[in-house]
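Using the sequences and the accompanying hints, generate a full structural model.
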Amino acid sequence: MLADYPTRPASCNEEEAYMKPFNVFTPRSVSDASLFLEKNQKDARPIAGGTATVIMMKERILAPNYLIDLKKLKHLSYIKFNKVKGLRIGSLTTHRSIETSRAVAENYPALREAFASIGNVRIRNAGTIGGSLAYAEPQCNPPTILAALGAEVVLAGVKGIRRVDAHKFITGIFETKLKPNELITEVRIPRMPSGSSCKFLKFTTRSEEDKPSATIACYLQIDAKHVCSAARLVVGAVGPRIYRCKKSESILIGKRLTNRLLADASEVCTDKIEALDDIYGSPWYKLEISKVLMGRGLHAAWNEIKESQS
Amino acid sequence: MLPGMKSRSHNRNMVVQHPREVEISLNGIRRRVAVKSNWTLLRLIRNSLGCKSVKEVCGIGECGACTVIKDGRAVSSCIELAILCQDSTILTAEGLTDGENLHPLQDSFVKEGGFQCGFCTPGMILMAKALLDETPNPTLDEIKEYMSGNLCRCTGYWQIIESIQNAVHQKNSKRIHYHHQRNSKT
Numbered sequence: 014m015l016a017d018y019p020t021r022p023a024s025c026n027e028e029e030a031y032m033k034p035f036n037v038f039t040p041r042s043v044s045d046a047s048l049f050l051e052k053n054q055k056d057a058r059p060i061a062g063g064t065a066t067v068i069m070m071k072e073r074i075l076a077p078n079y080l081i082d083l084k085k086l087k088h089l090s091y092i093k094f095n096k097v098k099g100l101r102i103g104s105l106t107t108h109r110s111i112e113t114s115r116a117v118a119e120n121y122p123a124l125r126e127a128f129a130s131i132g133n134v135r136i137r138n139a140g141t142i143g144g145s146l147a148y149a150e151p152q153c154n155p156p157t158i159l160a161a162l163g164a165e166v167v168l169a170g171v172k173g174i175r176r177v178d179a180h181k182f183i184t185g186i187f188e189t190k191l192k193p194n195e196l197i198t199e200v201r202i203p204r205m206p207s208g209s210s211c212k213f214l215k216f217t218t219r220s221e222e223d224k225p226s227a228t229i230a231c232y233l234q235i236d237a238k239h240v241c242s243a244a245r246l247v248v249g250a251v252g253p254r255i256y257r258c259k260k261s262e263s264i265l266i267g268k269r270l271t272n273r274l275l276a277d278a279s280e281v282c283t284d285k286i287e288a289l290d291d292i293y294g295s296p297w298y299k300l301e302i303s304k305v306l307m308g309r310g311l312h313a314a315w316n317e318i319k320e321s322q323s
Numbered sequence: 161m162l163p164g165m166k167s168r169s170h171n172r173n174m175v176v177q178h179p180r181e182v183e184i185s186l187n188g189i190r191r192r193v194a195v196k197s198n199w200t201l202l203r204l205i206r207n208s209l210g211c212k213s214v215k216e217v218c219g220i221g222e223c224g225a226c227t228v229i230k231d232g233r234a235v236s237s238c239i240e241l242a243i244l245c246q247d248s249t250i251l252t253a254e255g256l257t258d259g260e261n262l263h264p265l266q267d268s269f270v271k272e273g274g275f276q277c278g279f280c281t282p283g284m285i286l287m288a289k290a291l292l293d294e295t296p297n298p299t300l301d302e303i304k305e306y307m308s309g310n311l312c313r314c315t316g317y318w319q320i321i322e323s324i325q326n327a328v329h330q331k332n333s334k335r336i337h338y339h340h341q342r343n344s345k346t
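Protein sequences appear in the order of chains A and B. With the first sequence counted from 1, adding 13 to any position gets you our numbering. With the second sequence counted from 1, adding 160 to any position gets you our numbering.
I should point out that these hints are in silico values taken from the structure, not numbers from a laboratory. Note that beta-carbon positions come from the ideal geometry of N, C-alpha and C, so glycine has one too. Among the hints, erroneous ones may be present.
Unchecked claim - Okay, derived cross-link-like pairs now, DMTMM-like style, lysine to aspartate or glutamate, Cα gap no bigger than 20 angstroms in a straight line:
1. A/Lys259 x A/Glu280
2. A/Lys172 x A/Glu301
3. A/Lys33 x B/Glu216
4. B/Lys304 x A/Asp223
5. A/Lys84 x B/Glu216
6. A/Lys285 x A/Glu301
As the list claims (entries may be wrong) - Some, not all, of what chain A presents toward chain B, calculated at C-beta under 10 angstroms:
7. Lys33
8. Val37
9. Ile68
10. Leu80
11. Lys85
12. Asn133
13. Ser220
If you want it as structure tokens, here you go:
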């Protein structure tokens, strides 16, 4: 897929080898930005942290006439935690502030872990949660973990606000449910009830910071009678989008968990996933890795719940 | 002004045509410079403002040779757009010293041999400064994790880690020494 794109010019210091010149629009509010997007649908591109957008502009995958500088909307950068409502993260919150947030570390350790393993510190200082979701690359960590946590993405457009489930938000490589005039304003994560646990695991083949061959996130909830009452299993990075493993979930929900059951669930977790063949691994390899990771993640989550309940 | 745009909310010159000027504070000096919209912050600092310690290598924010400290946080200047850096405060390796005395981290890198060819060193030192600003006494794992985004092909990294540890040690021992002196006087 990526091989079809034009390659980066050899020298970026030469004027003509640089990105195409553009104009900058600085909105004062989200509605300002979406109005502008509505008017210049094909020409305008919102930019937040720029970690993905600038690279794509340098490679001339993107050549917008207008950039909408969202970073000036400072009120969209916040992390609010409420014990009943859960966590609300503004779309312009950087990965680094999520990683270093105490509310996140105490209540959603898997979320912290997923954000702490994005790129490097400089990327995390610049990149934002909303930008990462809108970029919709399946290898990014945030979509996978947010889908497992049952998050909702809040979108604001010209016609108003709507909410989309995180696991349905990404529809394909670089494709989302965002309409041309919409912007992501908030991510809402429900609270983690007692007897629940979430785990995030990723596997990279070349170096720790490389794009992963597979990422998994799994959420388990076990009630007082030791019966699994909820499960959300998500596989990312393998295919063109993230996948909810409904078949594995149906194996687990409503049953008392055993080692055998977890093994069965992880064995079928790659059902219906179309794995992509790229430098990070062959389809067979990626699917096998996901099964192993899912098994480990489920065991870790189950053990954590057992410890908390005993 | 854009053609065909008559909306009230957009009639306030909010669309900026390129090229234009930005005002940044580079190494403590406020500067007003003309930029083109398609310049990266790296292009502005290195080619227009002459801070040659900032280098472009990978161009995608992975190697750390272009690290600058922008508004107190380390960022990759190769993927920051210069035109969006209005009013930001930028520190490069040139701004660490007054021209006479080395910054404690620079001193420590020299003493511990934290570099060989020196190409990655400005980025390494700025990244280490950002680390020590956030975590004054980092553990070995914290140093490794924080510095993992900066690549060096010469040292094998241990000398760099030791340089940072040494700088922390120096700073702490000075402080202890200072307290000791003060206590001994009273």
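Identify every previously stated hint that the structure contradicts and give their numbers, smallest first.
2 and 5
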